[in-house]
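All chains should be modelled from the sequences, with the hints used to inform the complete structure.
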Amino acid sequence: MRTYALLILLLGSISSMSQNCDNTFSGTVIDLHDGSLLAGATLIISGSEKAVLTDLDGRFAFANLCNGTYSIEVSHLDCITKAYAVKVSGNTTKTFKLEHHLEELNQVIIEGKAYGDKSKTILENTISKEELERFSSGTLGDALNSLSGVSSLNTGNTVVKPMINGLHSSRVVIVNNGVRMEDQEWGSEHAPNVDINSVGNLTLIKGAGALQYSGDAVGGVIVTESSKVPIKDSLYGKSLLTGASNGRGFSLASQLTKSYQSGWYATLQGTLKRFGDFEAPDYVLSNTGTFERNVSLNIGLNNFNYGIEAYYSLFKNEIGILRASHLGGAQDQIRAINSDEPLIINDFTYKINAPKQDVTHQLARMKGFKRFDGFGKLSLQYDFQRNNRLEFDIRRGTDKDNASLDLKLSTHSLMLDLDSRLTDAVSLKAGLMAKYQNNFANPNTGVRRLIPDYDKYNLGIYAIADYKLSDHLLLEAGGRFDYTHMDVLKFYRTSFWESRNYDELFPEIVVEEFNNQILTNPQLNFHNASATLGATHSFGKKYKLFFNYSIASRAPNPSELFSEGLHHSASRIELGDLRFNSEIGHKMALTFQRDDDVFDFSINPYINTIRDFIVIEPTGVQQTVRGNFQVWEYRQTNAQLLGVDFDASYAFVENFRFNHQFSLVKGYDRSRDLPLISMPPVNTKNEIAYLNPEFNNLRLALQSEYLFRQNEYPDNNFEVFVPETETMETVDVSTPTDAYHLFNFNSSIDFNINKKSTLTAGFGITNLLNTSYRNYLNRLRYYADDLGRNFLFNLKINY
Amino acid sequence: MRNLKFLATAIFATVLFTSCSNDDDNTPAPVNEEEVITTLTVTLTPEGGGTAVTLQTRDLDGDGPNAPVITVSGDLTNGVTYNGSIVLLNETVDPAENITTEVEEEANDHQFFYTIAGGLDASTTYSNLDGNGNPLGTEFTLTTGAASTGTLTFTLRHEPTKPNTGLGDAGGETDIAATFDVTAQ
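Each protein sequence line maps, in turn, to chains A and B.
The first sequence begins at 1 in the working numbering and counts up one residue at a time.
The second sequence begins at 1001 in the working numbering and counts up one residue at a time.
Mixed in with the good hints, there may be bad ones.
[To be verified] Dumping the calculated DSS-like pairs for lysine-lysine here, alpha-carbon to alpha-carbon at most 25 angstroms:
#1 LYS1162(B) to LYS400(A)
#2 LYS129(A) to LYS228(A)
#3 LYS118(A) to LYS796(A)
#4 LYS351(A) to LYS1162(B)
#5 LYS129(A) to LYS796(A)
Hints are computed from structural coordinates only; laboratory data are not their basis.
Structural data, given as structure tokens:
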């Protein structure tokens, strides 16, 4: 280091000796944040009269300078004046980067551009910060549900799993702050472990087009990002308190950010949510409370040229599962389904008993980037996630307080990404990913492992390029390849092993034979190639047409491969298949958009054809000492989903706006020519909103939500013998729920407390008419009604 | 050049990363289901003495694909009162675990129900009670009437509503439902 300094000094002194005073010093001035050219910036050589202004292209030039070191002051409207020492030796060029003031301290930049497009040929749906705050006491799934084409697969009202164009679980990838969530997303009753209050920007991509994140998002990608921090000395934050009548609970979320001129920043954020038993219009939904605690810390340095960031978050959620949904077998199922009310209704309580879930998700991320002139932005990221899921069932004896499922999923990932502008028209994103995952199933549960112990290794490589053919036409193409290796230690029941003929098919993987179980060591390899091809064409200022074709390829998840046994919360026996290969989806999507302040709309038809689609469906009834259970087996088939999403918004009178949404999706098993199970019914949302910016931003909105009945479904009903009545009775697990219509009301108003602080007060009512309804996509629909009327009060202070 | 260097570093890191996987020398231990009931044995001993009749259902693979094996040792005699006792075992563990004791310890949370159907002429009464004086039913008496054939079903409910008037309003979860074809002659 010292020799380096010496060298500079030496060189400096040499050049200053040869006096040559006809040098030109020229260059450009750009914005530190986005690299845009700054016109009209003033450059002054200190101690001299020499001053120049940058032209429209941000260029400047000083003529007739001698060799030597000059102090140059650069200033621009809205920017902080900065001084630089510049050594001129011969004709010299330099680029100055200025920090543009970010004025929006309280409001967060929600225009897509602040976060960058994730895919250029699929219309991205984003949820604004304001909108997100309305869901502060809910879940990520609830917020996503407000978008067209998104529905949710629920277990009660607290386990909300997003479903994109009819697909869910492993087919929907969630990228939380740049980290792909590995939170046992395979289970249909496993909600995403993301704190909605930590999200600054939420983007939905209905397709696999965002290859930088994954190639296996057959359904789509959900990207959450934290709010951007301005580069200036500041301290700001917000607190949000929501109280709700249904569940008699509250949610408190706070966030505090300190930022410095130097680019350093730190954000601390936390959420506390506590709800007791929720209520349907006619009864208490016993044991449906939740207790959620989250905290996250983000520290980083952000300059235009380089940056580093360290992030840690802890998410902990305890969720009660409706007591009446825990059943012994088919006979209990008949009783529960035939009863109009849940079989167990207790008084309201905050206590959460079994059956319940207790999930802890920890995420740590370190990221650094550097921009290289003429090459692009290179980022390196390492992240670690640990997901610990405990599930408690109703148990007997000493096991009463013992979890029946205790899985620890640990994931390390390393990613290297390059974001480059090759020319003015062509940009390229490319990267490498390496991942190691370990699952440990705690044997002390006294219940056979639902998911086996395994090690999983992933290597991925991708490249996406876009080419701006003209001002109106942009083309995008990309490819990704993933290699997955799984090293599994799985215990099979000897009887199952033999009934599946695995003893003849895979004798080589047997490690050891026990009394009635066999330990095996399956080693699985998957090679997945995915690709995207698309175009965006704009017509005039308002119209845009997006076309995208993407191929997604997904390796089967551990649940699909290895399930083997009773799934208590579903009251069914679930069987996976070791022989599965990857499913491959081909999705074609077209979007026609009109973007306008007064009247805008988008219409988005799509068709998704999935080869070797892994579906679980009933195959029979199995007798056990406990009675009969329905057996659900995973199998692979060819599926096709088609649908259309429609959005429109029209400001018909000043301050009034009408918003409309309509989604339709149809899913078919093409091999068997049957409808697919659990497809979202047609739904439409209509809203009239009044917004008056002149009167404290007063906002009043009345929303109607209509869900049609799903008329296309496979018949999975089965019959069991009931000894008491000596009859065969049908267990109706297939018939969809009736259509329903809900009304919601929502309002908010802003007050300025002082120069820096605003208070927003809100009041809302969901299910205004206290309608009793059941949702086809709620796994507990057999047992209880959905939520009744709920009054929500919220207060938000920005400071 | 520079990007090459970065690429090399990344690949190196990747290799380093994947190569530090631990070898699985320590194979996991099998988990034996602790709560599963594989075997229900009902012993019916005639009050005046004589050969006992046993009814058994046994499902050694628990929730596995094999169906329970049901055995009835012989026919009942009509017009006789039998003392019945029920034993529950978990035979997936060695030695077999007696679940009856667990059920009796949590007597308030359990109850057996006996369903006579299919034309069998018989009646049952509870012989043992829980701490609150409500029926438990691991012990009972069975009295046969006229010669007949039919079914005898034993249902164990976990956390039923107590007291109740029978399976219809007992609620709770079914832990066992075993049906036997019996003949009284």
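Each hint tested on the structure:
Under the criterion of a C-alpha separation no larger than 25 angstroms, the hint pairing LYS1162(B) with LYS400(A) is consistent with the structure, at around 20 angstroms. A threshold of 25 angstroms between alpha carbons decides the hint, and for LYS129(A) with LYS228(A) the separation of about 12 angstroms falls inside it, so the pair holds. With a C-alpha separation of about 30 angstroms, the suggested pair LYS118(A) and LYS796(A) falls outside the 25 angstroms cut-off, and the hint is violated. With a C-alpha separation of about 23 angstroms, the suggested pairing of LYS351(A) with LYS1162(B) holds against the 25 angstroms cut-off.
The hinted pair formed by LYS129(A) and LYS796(A) meets the criterion: a straight-line CA distance of about 13 angstroms does not exceed 25 angstroms.
Of the numbered hints given earlier, the model fails hint 3 alone.
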